[in-house]
Amino acid sequence: MGIKNIKEADFRDNETLELFKKSGGNIIISTLDAIIDWGRSNSLWPLTFATSCCAIEMMATGAPRHDFARFGIEVYRASPRQADVIVVAGTITNKMAPVLKRLYDQMADPKYVIAMGACAVSGGPFYYNSYHVIRGVDHVVPVDVYVPGCPPRPESLLYGVMQLQRKVKLETITSPRKTENLK
Amino acid sequence: MDKAALKERILGLVPEAEFQENKQFPMFVIPPDKMHALAVRLKEDTDLSFDYLFCLSGVDMLKYFEVVYHMESTTLQHQLVLKVRTADRENAAVDTVCDIWRTAELHEREVYDLLGVKFNSHPDLRRFFLEENWKGHPLRKDYVDEVNIVEL
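One line per chain: the protein sequences are L and P, in this order.
According to the numbering used here, the residues represented by the first sequence are 1210 to 1392, in order.
According to the numbering used here, the residues represented by the second sequence are -18 to 133, in order.
Treat the hints as calculated values from the structure; they're not laboratory data.
Glycine included, every Cβ here is placed at the ideal spot set by N, Cα and C.
Some chain L residues near chain P, calculated using beta-carbon distances under 8 Å: (1) Lys1304; (2) Tyr1337; (3) Asn1338; (4) Ser1339; (5) Tyr1340.
Only pairs whose alpha carbons sit at most 30 Å apart, straight line, appear in this in silico DSS-like list of lysine-lysine: (6) L:Lys1310 x P:Lys116; (7) P:Lys4 x P:Lys(-16); (8) L:Lys1304 x P:Lys116; (9) P:Lys122 x L:Lys1304.
Work out the full structure, taking the sequences as your base and the hints as a guide.
So, in structure tokens, the structure goes:
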């Protein structure tokens, strides 16, 4: 079932996410939150980081046919210091894991991780009988959104990005997001 | 040079070589001590001039290891496959050919890393893909990894 077949109501329905957003906050803070979250969620800059075939789908998502710049996940940054989100697209081997961790550590807060594809979610088809693959990137860095598929179609990644944007919109400056809180 | 002429030429250089029938390339098993001298002749002789070693790989044959050399002449457009068998598993060692074809340096490091075949007089025989402190050689048939590998 493609993403076009999902009804708008189903697309929005995630039962838990918006429940976190409590109503009745301070009028100044909640107004500020709305502005900051609007800005943050609509200018998520991904890091140019991909390790295998999911990268092709990620590039296709950025290319004109799918064009995720429409949704504000705008421009690929080659430096982790300028990136907001790291899309882990592909298998992470034991040798690559320290590199990924370092890149993640170098990103400025607030930072987000999307695990794209079966390899990043759980080790994928290389889970069995391999001596060198990390079984899921969440062993290395905290993951916000999991996008399953092998590889996921660009629509799936777009959906994952939009889920991440929903998540970003729930943040508040009274309890800022810190990576220590996630562990 | 066509297949039959190449066979005659190789057997002329190394009479102990064993010809193996193969559809794509002429294939020979060469005694380990003759390999290096033969490789020099293959590259230097003008009617052979194998100037391009396009693949060097290792195979675990349970009782011994095999190192397989795929080579091609870019000027004369002919290809050749040579195999060298080590004497046993424990002290598997073959002479390096990286002084003849420079590309073999990295290929031999890979074979050493994953199979544990040593290459005599290789200038820089270190692990290639795996970390320096890795124990064992994971592409060996008897490699045991109880943590990561599921026995099916």
